[in-house]
Amino acid sequence: MIRDELLKSLLPLRAVLVTGKGGVGKTTFAASLARFAAQSGKRVLVTEIGSEEATTSALADAIGTPKITEQPQEVAPNLRVASLAPALGHQRFLRDVLPMKILADAAMRSSAIRRFLSAAPTFPEMGVLYRLLDLVRMKRRDGAFEHEMIIVDLPATGHALALAQIPASLLRVIPTGPIAAAVREGLELLRDPGRTGAVVVTLPETLPVSEAIELVQGIAEHEIPLAHVVVNRVPFDPFSDEERDFIRSLLGNQRPTLGGRTLERIDRARVALGRIANAVSVPVGVLQDVWLDGPRLAEEMASLMAVDQVEVGPTSVRRKEEGAA
Amino acid sequence: MSSSRPPDVRPTLPETQPTFIEPLIRDKRVIVCCGAGGVGKTTTAAAIGLASAVAGRKALVLTIDPARRLAEAMGIPEAARAPAPVPRAKLAALGVPLAGELHAWMLSPEIVFETMVRRLAGDEERIQQILKNRLYQHLSKIVAGMQEYTAAEALYTLYSEGKYDIVVLDTPPSRNALAFLEAPRKLSLFLDERVIGVFLPKKGALLRAASDLVERVFTKAFGEGFYKDVQDFLGAFSGMFGGMRAHAEAVRELLTSDQAAFLLVTSPEPAALAEAGFFQQKIAELGLPFAGYVLNRSWAYTRGFIGPEEIALPEGVLEHERVALRKLTQLADAERWRAQRDRDLLARLRMEAAGARGAGARHDGRDGTGAAIATPHLGGAVEDLAGLAELARNLVHLENA
Chain A
1 MIRDELLKSL LPLRAVLVTG KGGVGKTTFA ASLARFAAQS GKRVLVTEIG
51 SEEATTSALA DAIGTPKITE QPQEVAPNLR VASLAPALGH QRFLRDVLPM
101 KILADAAMRS SAIRRFLSAA PTFPEMGVLY RLLDLVRMKR RDGAFEHEMI
151 IVDLPATGHA LALAQIPASL LRVIPTGPIA AAVREGLELL RDPGRTGAVV
201 VTLPETLPVS EAIELVQGIA EHEIPLAHVV VNRVPFDPFS DEERDFIRSL
251 LGNQRPTLGG RTLERIDRAR VALGRIANAV SVPVGVLQDV WLDGPRLAEE
301 MASLMAVDQV EVGPTSVRRK EEGAA
Chain B
1 MSSSRPPDVR PTLPETQPTF IEPLIRDKRV IVCCGAGGVG KTTTAAAIGL
51 ASAVAGRKAL VLTIDPARRL AEAMGIPEAA RAPAPVPRAK LAALGVPLAG
101 ELHAWMLSPE IVFETMVRRL AGDEERIQQI LKNRLYQHLS KIVAGMQEYT
151 AAEALYTLYS EGKYDIVVLD TPPSRNALAF LEAPRKLSLF LDERVIGVFL
201 PKKGALLRAA SDLVERVFTK AFGEGFYKDV QDFLGAFSGM FGGMRAHAEA
251 VRELLTSDQA AFLLVTSPEP AALAEAGFFQ QKIAELGLPF AGYVLNRSWA
301 YTRGFIGPEE IALPEGVLEH ERVALRKLTQ LADAERWRAQ RDRDLLARLR
351 MEAAGARGAG ARHDGRDGTG AAIATPHLGG AVEDLAGLAE LARNLVHLEN
401 A
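First to last, the sequence lines map onto chains A and B. First residue of the first sequence: 1, per my numbering; consecutive thereafter. First residue of the second sequence: 1, per my numbering; consecutive thereafter.
If you're looking for bench data, these hints aren't it; they were derived computationally from the structure. No experiment lies behind these values; they were computed from the predicted model shown. Wrong hints could be hidden among the right ones.
What the hints assert, rightly or not - Derived lysine-lysine pairs resembling DSSO-like cross-links, with alpha carbons at most 30 Å apart:
| # | chain 1 | residue 1 | chain 2 | residue 2 |
| --- | --- | --- | --- | --- |
| 1 | B | LYS282 | A | LYS67 |
| 2 | A | LYS101 | A | LYS8 |
| 3 | A | LYS8 | A | LYS42 |
| 4 | A | LYS101 | B | LYS228 |
| 5 | B | LYS58 | B | LYS90 |
| 6 | A | LYS42 | A | LYS67 |
As the list claims (entries may be wrong) - Now the stretches of chain B that chain A is said to cover, found in silico as 3 or more residues with beta-carbon under 8 Å:
| # | region |
| --- | --- |
| 7 | 293-304 |
| 8 | 319-325 |
Even glycine gets a Cβ: it sits at the ideal position worked out from N, Cα and C.
The following block holds chain B by itself, in its conformation from the complex (with noise of 0.2 Å):
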């Protein structure tokens, strides 16, 4: 070990503190993990459950990501009916060992579409008529728009049910993410029983015009037989509207509530940063809680790091192997920079953080924001548990640059 001192490294810090996450994994019933695709969304998010279930309590992770990368990290099966707990054995072989418990699910549009049906439709009969009509299949099954829903419902359903303590939400990447966070509104508007009522049968005088247009709008742009299949499904529907209603109601109460954290995950990237901008600004504006951002991929962490020009080379040593010492510390000088580059990068993050708190005087002042650096020694993505672990770690005590 070298006992020389590269310039990079402030001596006088502490060796770890808590960051502001610390306390969200603790006091939190959702934490929401938005951002860019590609920033490690959905590391952070298994992260941040894995450490509340270290910190003791009963953690799930919900990803509604159709890549299904946390399952390859967290060994869960696709397509699971219901969440599955991370295996306790394998995290504790690792030297981490849970107070609490960790559960991962995968959302599936289906099922919990399917589940929803079974639950507010009322009588198998109804049931069965809702779930073999075309139109009911054709929705079930498809991703776009589908998962923003059910992410959603699925919320509710897992917080309704009190079985976790805290979930954690990975949300679809870029603009789909707002579709979630608009989700329980958009919902609203589609079973507003202005639209809902040109479809159905039953109609008061004032709904005629406008549903005679409607007919003739349908049958003749999708045939007659999608028109009847639309008012099947939504006579089918009908029933459950309310219950839909209210639970998207609940969604938002929840996610408006201090029991609400919504973390924006981005890198040092031009393009990340400009959408966690715009993320924030939507946050702001649907009058979410939002607790700070974390910065994964970013190259501020040097505690510790020597420089090339440190190394001493043995005697004797050949040209290429000098030439090559020269060219490493030409990369060293570029990571100057860039590390120079992401920690002003923190500092400002740490700042709108502050500012966003003030300004939304959401939180009393307990709750944490602010900034924090994920991956400071991984430069690659994470990949295994192990890694998923330092992850963990790091966004809870972590002396942040």
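Isolated chain A (complex conformation) (with noise of 0.2 Å):
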């Protein structure tokens, strides 16, 4: 079936990188994509960049749960949330590379270390990416994945793209190592597009949509498989040309008049959608605007995710790996 091909085509992926500005939905459409993986019958662990000492979580308002800790913890069926905590993958990544587990401990412990790896740039990024390595690469005792899906929540755009370039850029400084290895490992996950895709996120606007092709292009250049575009809170459209054309010349000549700013936010959509399907190679597609928020939203996105038309941009799938996958 069409219609939900574009969700459905996400369900082999083991880490989804949601990104995309902030303010356009993003965290809304991770929290909905979990839901309808989990609901597919995915393991899914749905994730956002940070410690517990954040003291409010977007994703948590979105997925309905007062905390979201650095441990999964479950949340409905099949589906758990954590934060992807950079001291966490320090840890582990201590643990992977001493020689004993007792002196990764102490060297945790030792708050000069604990320091520096917070505060020197680049560090704390490089811990989340070996968390997230850590999380993706856990299995039950059946052999089976611990989280078939990973889902990250980005952060906006800017970072986002700088997570991307960290390991690149780290492999230059330290070419060797264990701390290289896993950096390629890392890397190679992300890379790999049947494993991993990018969704990026945006708003039928111009800035907006300008900046997700900005953002299409970065992605590109890091070479990390994009998967699809969600162009979200779309406005419902009831002119048909005809009406529309009638309505335009009818505003022309009145003094500002009511609904005439919902009419341009309709056209500006249109324009906007029309440019985003142009500029990219992968299936776009479209949430209308729905007025709720919090966990009623993220429910009822996901409801509409599996029965929502997939309206403009290519619709065959241009994943070219995919058969490998």
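If you follow the hints, you should be able to join the two separate chains into one complex; please do so.
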């Protein structure tokens, strides 16, 4: 069925990186995808980047849980949520590379090392990457993956790219040794279209679409496979072309009229959708504007996703490596 | 023009009046715009800079947003080594004469960092030693984290040079902006001697055990070369730490003084409002002077609007035209609902801003606090100087719904 092809095509992936500018509904999409995948029978872990210190969490609101912890916690059947904490990544990393667990724990207890790792630029991001890798590798007793799909709700645009740029950049500084091996493994995962897919979320407005196109190009530069673009909060358009032309001419010589701003918004959305569909080679999904918030919004969106037609963009899924996955 | 009055208009209000932002652009040395991403923070910062310049001040807009949106709107080159003036002629042609000056700068971490090294390192040999260090090159090129350090550093430089009357700072989106607010403190943590000390060859007996452990960990984890790079880097940098710490402290002092004002930019979206609440709490915790809210993307302003039902269709209109107008009436009803929701929100934000002022006792009463809507008529994004100029006018003088 073409209807939910967009979401179903994400189901085989091990890591889905949800990215986009702030305020576009990224977190809501991540939460909705998590619910959809969990309901489809996948063991899902949905994550955000941060530590337990964070006092509020957009993901916690969207998924409907009071607090997100560093260790995965179950919030629904098949659905877990956690924060990707740099410190856990550092600890795990030290345990992996140091000959004795006791030495790694001693190292993590050393405030000098902890401070260095948390304050030196790029080390937190490296910890996040390592933590993600650890969660991706984690297996159950029966040999199956503990989390079949891990969804990462990435921070806003610039920093999502920064996170992607770190592995390659680190390899230039530290070309050999265990950290280089770990970074290479992370990079391999991030660049494997059979396991990883980025979803760029945006809004049907001029600037957000320009930035989404920029982001898509940046993702391509870092060789991270792009799976989909999702345009969120697309306003419902009640007008036929004929009706629109009439209203345009009618409003042209009136004082500012209520309803006019909504019409302008609808027109901008049409242009923006056309632009993004032309600019990217992956399917573009459209989500209607829904006036809800919090977990109700995520649930509503999950149900919309299951029925919403992909209206623009090429319908063929252009992911050449898919057959190999 | 229709002479009948739409129901939303309250007729007794004055045409325009100064908003709470008006005194800020005249008196403050630094205005910091915070908020979630996608709420128009960069544009608001640019408009505030423009308003200050119109009011006669020499204003600089500093943005650390890597999407470089401001550049597009203001015609500023990317990766410039120094602030560039926004052409007066362009603005004058739009009927916006500048009594002062407007400059803008897209912060590049690499350039700011290099400038700092050149200023603090002393002799040329040491400068080259630092600039050629592999770790330095890595750190100065990476975007994550460095933006926050360099924003604080650039703010220090610009402020201490005193070339500008006012610096308007656009923070990175969302949570990263908090890293900026905390950058000075975080930088001090990183530069703490107890951290640095363990990496340096010369050390006291107390540090020896710790540094042996650090060396083992780093050599095991990163390979020998990297540990040496860190040592070289910190060795070369160690002479600069005093200066960097002093800068960080000066920035913290400036940002907590009454010369600074923090504005929270938000949209009516629940997610953006939640972020704004988070920021307000953070601003209070850090003891920063909170001035108020700018509500963007709101439908609150309906002054002078008419309803579609007031439009009389001429004789003999076609059926589809009648249908179209009916549909517009439905959109108008939704807009009325949104306008009311946003006006309620504005009232709530005003109360919260006043409450924050009372609790913080940071303002002496002359300073403005409150909430303002920035984009009464502009439905879409501000993409050119004309839009920016209208935004600037509205921010300082508007009868706010």
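Here is what the structure says about each hint:
1. B/LYS282 / A/LYS67: Measuring from Cα to Cα gives roughly 18 Å; hence the hint holds.
2. A/LYS101 / A/LYS8: 41 Å, violated
3. A/LYS8 / A/LYS42: Answer holds: A/LYS8 to A/LYS42 is near 11 Å, not above 30 Å.
4. A/LYS101 / B/LYS228: Given that 30 Å is the threshold and the Cα spacing comes to 25 Å, the pair holds.
5. B/LYS58 / B/LYS90: 17 Å, holds
6. A/LYS42 / A/LYS67: 23 Å, holds
7. 293-304: holds (count 3)
8. 319-325: holds (count 5)
When held up to the earlier numbered hints, the structure conflicts with hint 2 and nothing else.
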